[in-house]
Amino acid sequence: MFKKTQAHVLVYLLVALVALGLGFAGYKAFMAPKPLQLINTFPKLNPLAPFNAQNHRAESVTEKDFIGHWSIVFFGFTTCPDICPTTMMDMNQVQKGLDQKFQQDTQFVFISVDPERDTVEKLASYVPAFNPEFIGLTMDLKQTRAVTKNLGVAFMKTPSHDGNPDNYLVDHTARWFIVDPLGRRFALINPADALGKDLVQLVIDDYQNLRQQARLN
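Under the working numbering, the first residue of the sequence shown is numbered 1, with each subsequent residue one higher.
With a cut-off of at most 20 Å between alpha-carbon atoms, the simulated EDC-like pairs for lysine to aspartate or glutamate come out as follows:
#1 122 - 166
#2 122 - 140
#3 142 - 116
#4 157 - 140
#5 96 - 198
#6 122 - 133
#7 101 - 180
#8 157 - 82
If you anchor each label on the Cβ, the simulated ranges turn out as follows:
#9 121 - 213: 36 to 42 Å
#10 213 - 142: 33 to 39 Å
#11 103 - 59: 18 to 24 Å
#12 192 - 58: 31 to 37 Å
#13 34 - 120: 38 to 44 Å
#14 40 - 145: 20 to 26 Å
#15 182 - 97: 21 to 27 Å
#16 37 - 101: 17 to 23 Å
#17 146 - 195: 31 to 37 Å
#18 168 - 215: 40 to 46 Å
#19 116 - 190: 26 to 32 Å
#20 160 - 64: 34 to 40 Å
No wet-lab data here; the hints were simulated from the structure.
Using N, Cα and C, we set each Cβ at its ideal position, and we do this for glycine too.
Could you build all of it, start to finish, from the sequences and the hints given here?
Here it is in structure tokens:
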């Protein structure tokens with residue numbers, strides 16, 4: 001009888017150990033970082049280049065205003081016929097689709113690559129039309145070039161076919177950039193990598209996974 005009891009206890013212990021092992025493995029799998037589908041983090045986190053800009057409310061903004069917030073940044077220009085308005089609408093949907101805790105500490109920033117035409121007044125009518133919480137920035141050409149070079153953005157004027165020098169377009173990098181609360185270039189989003197998938201949902205899922213991982217590290 002005693003031997004049978006010992007055998008039963010041993011079986012129960014083995015079952016408990018197996019269950020504990022499976023539970024721990026499941027917990028590790030649940031807590032493991034989820035792979036990002038669209039967002040790519042930078043191996044080196046460079047700080048933003050110093051700048052002095054004006055936002056669409058005519059308030060002074062510097063690189064220090066990025067500290068303390070997560071920021072999703074896009075470079076464009078207000079007379080852009082297609083990519084910029086499409087991107088701004090996508091960013092609006094991303095902002096509205098984020099969990100509230102991420103909405104509260106994430107700012108969406110539009111930086112002009114056409115400072116000659118994009119005045120504060122133009123930004124004031126353009127940026128809030130997509131989302132009243134978005135921030136529009138403009139700075140002089142020299143500073144614009146410094147900031148774009150620092151983040152990895154290219155832009156150049158493309159003359160119009162009508163011969164009017166004021167009707168130029170601006171070719172520019174269409175990627176979005178994520179700046180962390182320490183004011184560093186943290187990650188980029190290349191919309192072209194969505195490859196026909198739901199870009200907005202991919203960005204929402206990836207960004208929230210990224211933020212969750214940043215909290216765990």
